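**Student:** Here is how the chains run, residue by residue.
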Amino acid sequence: MAKGDPGVTTRGRRAAPRSKRAATAGDPELVQLLTPEGERIESAIGPDGTEYRADFTDEEYRGLYRDLVLVRKLDAEATALQRQGELGLWASLLGQEAAQVGSGRALRTQDMAFPTYREHGVLYCRGIDPIMPLGLFRGVDQGGWDPNEFKFNMYTIVIGAQTLHATGYAMGVAMDGKTGSDDGEAVIAYFGDGATSQGDVNESFVWASVFNAPLVFFCQNNQYAISEPLERQTRVPLYQRAGGFGFPGVRVDGNDVLASYAVTRHALDNARHGQGPSLIEAYTYRMGAHTTSDDPTRYRIASEVEAWQAKDPIARMKAFLTRQQIADESFFAEVDEQARAESVHLRERVLNMPNPEPVSMFDHVYPNGSPELDEQRAQFAKYMESFEGSAH
Amino acid sequence: MATETLTLGKALNTGLRKALENDPKVVIMGEDVGKLGGVFRITDGLQKDFGDQRVIDTPLAESGIIGTAVGLAIRGFRPVCEIQFDGFVYPAYDQIVSQVAKMHYRSQGKVRIPMVIRIPYGGGIGAVEHHSESPEAYFSHTAGLKVVTCANPQDAYWMIQQAIASDDPIVFLEPKRRYWEKGPVELDAPLAEAYPLHASRVVRPGTDATVLAYGPMVRTALDAATAAAEDGRELEVIDLRTLSPLDLTAAYESVKRTGRCVVVHEAPGNLGLGSEIAARITEECFYSLESPVLRVTGFDTPYPAARVEEEYLPDLDRVLDAVDRTFGW
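Listed in order, the protein sequences are those of chains A and B.
Per the working numbering, the first sequence starts with residue 1, numbered consecutively.
Per the working numbering, the second sequence starts with residue 1001, numbered consecutively.
Keep in mind that the hints are not guaranteed to be accurate.
Using 27 Å as the maximum straight-line C-alpha spacing, the simulated DSSO-like pairs for lysine-lysine come out as follows [claimed, not checked]:
#1 B:K1035 - B:K1025
#2 A:K151 - A:K73
#3 B:K1256 - A:K178
#4 B:K1035 - B:K1182
#5 B:K1035 - B:K1018
#6 B:K1256 - B:K1182
#7 B:K1048 - B:K1182
#8 B:K1182 - B:K1018
#9 A:K382 - A:K73
#10 A:K151 - B:K1110
#11 A:K151 - A:K178
#12 A:K178 - B:K1182
#13 A:K318 - A:K151
#14 B:K1182 - A:K151
#15 B:K1110 - A:K178
These are calculated hints, taken from the structure and not from any lab test.
Quick caveat, the model's predicted, so the values are computed rather than measured.
The following block holds chain A by itself, in its conformation from the complex (with noise of 0.2 Å):
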């Protein structure tokens, strides 16, 4: 999608409304747009009253779900490659495409995430490389690009710690008075349920508030940190933690990419014209392990994986798609082609990716540089060309 900028407020054209749904505090139910069975619901009340909507046009609609394949398509390709050994870990997304493409299309331009180390649907819809991470999984650098040449921060691997990094990040937006217009700056800090429990989430929630932080906390709750089921984590639901700390949460429905997209839009608006920070707890679920050294069969039932397999983010956007006849048998199979030829070439690039040179551990330390650890590096090299011409 991301090419028209839809309103979250648009009505509809294509929806076949059902009835409004209320999603107030305290009550389960989940801010809604699209239902598993890819029923399109006109609007949804969030607890504090907003209402929300998020309607695109067909070609928008389809831009969504090529992103929601392509994706899942190449997540599949990363877990195949560290199945092969050609990558030493991956963090799946498997199941949470919907909250992270459409928060991820709900940024603007100007607008920066911090992500954690799953956030990969998310930097896909921020137009970036989707090779860029593997380079850290694959073991040959550690994530290394410039987060404000993509306007996406570096992923975060210590939980939670990205939050307080958002929140300063934030705070000074605030100070450069880049907020309180259309194209004002806003911030989203992505992270999940088990993060909830850190102190640093809980300082970033404090610092956001006192300091009206121009920031969204995207909280994609996946159900389990690892093993722990959420019940170990919080005894309330977790979006309502905001009211504690003088904010507004609201739970969207992770699974459904229309609802994700308009609750992050509504709250990104409102943090860019300066109405200060907000949590959205993106109620999801994390269909495979927590990484390719998981075994989830340890700890939660098969039942369960498969009453969310039901709620399948992208099959209920292709029941919708293919109801109101938005998209044929011919798309879907154009975009199962075009993710099968992006996993490919994507494949063939991780294959080629050089080791780094050894001396190369010594680089970059410090910006400006330490004699010591020139010292370390030259004796470092001098020992490495000592072997030069062995066998070895």
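Let chain A serve as the given structure and place chain B on it in line with the hints.
**Tutor:** Just chain B now, with coordinates in the frame of chain A:
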């Protein structure tokens, strides 16, 4: 050139003021740094003159201070964070060692975190627990951080400005028991002409033994040298100033002349800076040494109750005792 007599604390305050004046991207942040001027008044008057967007009173959470400063740095600011006391830096430890220290490395040089983390450190002020610690080894052990410490007002004034101007993340340790000691400060020289930040300095020349110290212990080492001179023994005292990277150039040169070396710090001896320094001096000066390198340090206990801190902290007598032992070898 204007030279004024300032306390070390006032010299820091004046240096911070200058940094705020010279670069609009410099922001000071920490607990009580605003209206109060910090618990040691090091930021006194700065919020009044530069506003609460430049001198920011933060919520009371150290990880938050450093973590948000990382974000501000990514945004292009130059945060100067105050940690109120040495013993309160540990909640921020993860952000410092896993985020601040590694951003430049991970990004292959694309992200700079030009942050200064000011920490009043060390004992000697009769404080309650967690207010007298010397955490320098933790940070010196972490690649990606630089660690410096000043020992006199002149260095305080210049080193804080150099640290803020540097693109490296720097832990800036302030010897809190020396905040009130006075000395002459040249105020108007160009920053570029100041004595280099990451260089040690001979602060008293001598011929008989070399004493290496930093921060609060430089004064102690100088006092010991004065006392030794009365006994006819000339100690060379070197203020290390930079703990990471270490600059032992002057120390090597000195020890090769004197053959004897004593390292002094308040922090516990086990795996303290003295251990590394002793190892390096042994490697570099082996054939010149008349005795092993000796260390005079805090003991391997938690920092004790204030009424016994005088016995815990290295003092003139313990330094002289160690010097004597280098001669008795």
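**Student:** Next, verify each hint and record whether it holds.
**Tutor:** Hints and how they fare:
no.: 1; hint: B:K1035 - B:K1025; result: 21 Å, holds
no.: 2; hint: A:K151 - A:K73; result: 24 Å, holds
no.: 3; hint: B:K1256 - A:K178; result: 59 Å, violated
no.: 4; hint: B:K1035 - B:K1182; result: 25 Å, holds
no.: 5; hint: B:K1035 - B:K1018; result: 19 Å, holds
no.: 6; hint: B:K1256 - B:K1182; result: 33 Å, violated
no.: 7; hint: B:K1048 - B:K1182; result: 25 Å, holds
no.: 8; hint: B:K1182 - B:K1018; result: 19 Å, holds
no.: 9; hint: A:K382 - A:K73; result: 45 Å, violated
no.: 10; hint: A:K151 - B:K1110; result: 13 Å, holds
no.: 11; hint: A:K151 - A:K178; result: 15 Å, holds
no.: 12; hint: A:K178 - B:K1182; result: 44 Å, violated
no.: 13; hint: A:K318 - A:K151; result: 30 Å, violated
no.: 14; hint: B:K1182 - A:K151; result: 48 Å, violated
no.: 15; hint: B:K1110 - A:K178; result: 23 Å, holds
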